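> Listed below, chain by chain, are the residues.
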Amino acid sequence: MKYLTSIATAALLMFAVNVPSYAGELAKVHEDADVTCMDCHGTDTPTRRGKTSLCKNCHGDQIEIKEFQVEERVVNVHKSPHGEIRCTACHKTHEPSVLYCNDCHQYEVELP
Amino acid sequence: MNKLSMAIALSLLSASSYAANYTKNVDVVVIGSGASGMAAAAAAEEKGLTTVLLEKQANIGGSALYIEGTFAVETEQQKSMYIGLTKDWAYKNHMEFNHGFINGPLMRKWINRSDDSIKWMEEKGVTFHDVRTLFEDGNRTWHIFKDGKGVEFVQKMEQSFTKNGGKIYTETPATELVYKDEKVVGVIAEDGEGDTYTFNAKGGVIVATGGFINNPKMLKKFGIRTDHLIVGPKKGRDGDSIKWWEETGARLEGMKTHLAIGAWLYGKDPNTQLSHPEHTTVYSQMASLLRQPYMWVAKDGKRFIDESQAPLWHNTGPAVERVGNGYFAVFDDNMREYMKTDGIDISHSDWVRVGHKLDLLDEGIEVGQKEGWLVKSNTIEGLAKKMGIDVATFKQTVVDANRYAINGVDEEFPKNRKYVRSMDKPPYFAVKGQNATLITLGGPTTDTDMQVLREKDMKPVGGLYVVGCEVGGVYGDSYNLTLEGMASSFAINSGRFAAEHIAEKMKL
Ligand SMILES: Cc1cc2nc3c(=O)[nH]c(=O)nc-3n(C[C@H](O)[C@H](O)[C@H](O)COP(=O)(O)OP(=O)(O)OC[C@H]3O[C@@H](n4cnc5c(N)ncnc54)[C@H](O)[C@@H]3O)c2cc1C
Chain A
1352 MKYLTSIATA ALLMFAVNVP SYAGELAKVH EDADVTCMDC HGTDTPTRRG KTSLCKNCHG
1412 DQIEIKEFQV EERVVNVHKS PHGEIRCTAC HKTHEPSVLY CNDCHQYEVE LP
Chain B
724 MNKLSMAIAL SLLSASSYAA NYTKNVDVVV IGSGASGMAA AAAAEEKGLT TVLLEKQANI
784 GGSALYIEGT FAVETEQQKS MYIGLTKDWA YKNHMEFNHG FINGPLMRKW INRSDDSIKW
844 MEEKGVTFHD VRTLFEDGNR TWHIFKDGKG VEFVQKMEQS FTKNGGKIYT ETPATELVYK
904 DEKVVGVIAE DGEGDTYTFN AKGGVIVATG GFINNPKMLK KFGIRTDHLI VGPKKGRDGD
964 SIKWWEETGA RLEGMKTHLA IGAWLYGKDP NTQLSHPEHT TVYSQMASLL RQPYMWVAKD
1024 GKRFIDESQA PLWHNTGPAV ERVGNGYFAV FDDNMREYMK TDGIDISHSD WVRVGHKLDL
1084 LDEGIEVGQK EGWLVKSNTI EGLAKKMGID VATFKQTVVD ANRYAINGVD EEFPKNRKYV
1144 RSMDKPPYFA VKGQNATLIT LGGPTTDTDM QVLREKDMKP VGGLYVVGCE VGGVYGDSYN
1204 LTLEGMASSF AINSGRFAAE HIAEKMKL
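Residue numbers (my numbering), protein chains in the order written: chain A, 1352 to 1463; chain B, 724 to 1231.
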């Protein structure tokens, strides 16, 4: 039942904003690279968030990024010491990305 | 990229099958990856129980990431420092502090195991670098974690858990218990990517969801103020378990009890005021002013407490609440200079330590005026006006304080004379502070194995355990700060107790 309502809402929203149009840059990058809905969402028509395991199909297990120093610590936001964070916790794709770390920390990091 | 048409969208209405639904058989499900959940999960896997750990947030750790140090008595660390506090002392202290309104046998078991849990954590690689107290000549029971944070503890528990085969699901809140024939036999959960899970738990379900401090509706329902700031995680501790207690007929106790601290910059997120003692910040230094034992004034322009009670949060929190959840810490230019050159007299937890010289104070005074939680004036009248309090009453408060300073006697409250200071060198400053709440402390009554007891007959609900700060019967009406670090210690120990009981049961 929960799924049905969210799908129905999604349908309404899509109608209202006259999709397809992308809110986020990442979506555009993926579209330009011929990535389909299925590739990220597992279905031809998205009913849920992109799956981390599907991100990894193309991007591999670990994307190397620049580390930085905070006090005595070396920080690599792709190697969280607080468990495995799903890709889409930060990379929102259809809306602007946000650094989830900054719920608690104050890092200045630009992310795609 | 396919175009999304209305037709496709509508066709989805029959497409709930797109979402995968997994069923898994395990021994134990632990719900919540905070202090108690991490310990329960690590202990369960260590005992050979197939265990899954569910966490609602994107990261693991909950409030445990914020813990500075944890209680224990009769540890090797204490022995090496000649600290002679005993288990018997701690037990009697806690029973007396709470007037017996707590679960004695469980308290005894926890205190008696507290030293063993320090060793258990160390075996898993957790490090402690000091045993501290927040009080002058206080009881040194507070075993400080690396960097004064629970981060390493959470990491080491995670490593032990996953190395032994445990699986963690983040962004996967438990939504329902499977409750059949008066027994809990599983958990239903849904993850952030839309998959649903049914976990059948042969041994038991350990609820470790950390109470309901992030849920204003529930705070109201149980009589806790909702206008306090919140320290720690801003989401996650949403009281998801309350409905499970209702469903299973659990006996609840202490639902109104919570831990509040009366000293945070007014209207500002308290998480900005936490720091490492060696890396203090403008905001943590400024928050420490709210704990100094000099002059605190309520909205009526009068003092309301012996200010040297500052570290006793269970006294200052309610006192601040009583005067309307806001007060001013007032000081003059002599005190400003003193705090810069001689250092502060009372710690702001272990975030800014006693004796710390406030090198960022002048910068903070500027920031505070800009942000609106600090006022400054060359006259007492001017200060009172900026504070928005009655000028005549405040003037009298200052006149009195200056007399107390000359005589070395606080005529209003029995404050130690070394903290009785004058207010006579302009400019004068007032920092505005308010209460914040860290955690709620009520929940179901349990037996000493952490099994949830039913209201109707005080018998365990089969298969259902509760651990951590949502266990009832650990506190009477407030947190006991004289056993420093007891919240996390109880959480970690109770997590172990539940896992041990399930292991024991499953051997039968
Ligand atoms: C700023 C701060 C400083 C502190 N300092 C100390 C200290 O120095 N010493 C001390 O002893 N104590 C301290 N405490 C208290 C200590 O952190 C808590 O007592 C302890 O973490 C409680 O453990 P818990 O497992 O019950 O809850 P938490 O550690 O809060 O964990 C609960 C977890 O459950 C998750 N959850 C909730 N609902 C669900 C659901 N439906 N499904 C899955 N997961 C769910 C939450 O997201 C959270 O991660 C401090 C607390 C704060 C906030």
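Hints listed in this document are in silico derivations from the structure and should not be mistaken for laboratory results.
Note that this is a predicted model, so its numbers are computed, not measured.
The beta-carbon is built from N, C-alpha and C at its ideal position, and this holds for glycine as well.
Fair warning: there could be bad hints in the mix.
[What the hints assert, rightly or not] Pairs of lysine-lysine, BS3-like flavour, derived with a Cα cap of 30 Å: (1) B/Lys-886 / A/Lys-1407; (2) B/Lys-1141 / B/Lys-906; (3) B/Lys-906 / A/Lys-1430.
[Claimed, not checked] Selected chain B positions facing chain A (in silico; Cβ < 10 Å): (4) Ile-783; (5) Gly-784; (6) Tyr-789; (7) Gln-801; (8) Ser-803; (9) Asn-816; (10) Glu-881; (11) Glu-894; (12) Asp-914; (13) Pro-956; (14) Lys-958; (15) Glu-1001; (16) Ser-1145; (17) Asp-1147.
[As the list claims (entries may be wrong)] Only part of the chain A face toward chain B is listed, based on derived beta-carbon distances under 7 Å: (18) Cys-1409; (19) Gly-1411; (20) Lys-1430; (21) Pro-1447; (22) Pro-1463.
> Under the criterion of a CB-CB separation shorter than 10 Å, is B/Ile-783 in contact with chain A as hinted?
holds, 4 Å
> Holds or violated: the hint that B/Gly-784 contacts chain A, with Cβ atoms closer than 10 Å.
holds, 5 Å
> Given a cut of 7 Å on the nearest C-beta pair, is the interface hint for A/Pro-1447 held or broken against chain B?
Interface hint status for A/Pro-1447: violated (17 Å vs cutoff 7 Å).
> Close enough to count: is the Cβ of B/Glu-894 nearer than 10 Å to one in chain A?
holds, 6 Å
> Hint check: is the beta carbon of B/Glu-1001 less than 10 Å from a beta carbon of chain A?
holds, 8 Å
> Under the criterion of a CB-CB separation shorter than 7 Å, is A/Pro-1463 in contact with chain B as hinted?
For A/Pro-1463, the interface hint is violated, since the closest Cβ of chain B sits about 18 Å away, which is over 7 Å.
> Does the structure keep B/Lys-1141 and B/Lys-906 at a Cα separation of 30 Å or less?
With Cα atoms ~60 Å apart, B/Lys-1141 and B/Lys-906 exceed 30 Å; violated.
> Answer holds if the nearest beta-carbon of chain B is closer than 7 Å to that of A/Gly-1411; otherwise answer violated.
The hint is violated - A/Gly-1411 has no Cβ within 7 Å of chain B, the shortest such distance being about 19 Å.
> Was the hint right that B/Glu-881 lines chain A, CB cutoff 10 Å?
Holds, about 6 Å.
> Can B/Lys-958 be said to touch chain A, with a Cβ gap under 10 Å?
Where the cut-off is 10 Å and the nearest Cβ of chain A is about 8 Å from B/Lys-958, the hint holds.
> Against chain B, with CB atoms and a cut of 7 Å, does the hint on A/Cys-1409 hold up?
violated, 15 Å
> Are B/Ser-1145 and chain A close enough, Cβ to Cβ, to be under 10 Å, as the hint says?
violated, 38 Å
In this structure, the earlier hints numbered 2, 3, 7, 8, 9, 16, 17, 18, 19, 20, 21, 22 are contradicted, and the remaining ones agree with it.
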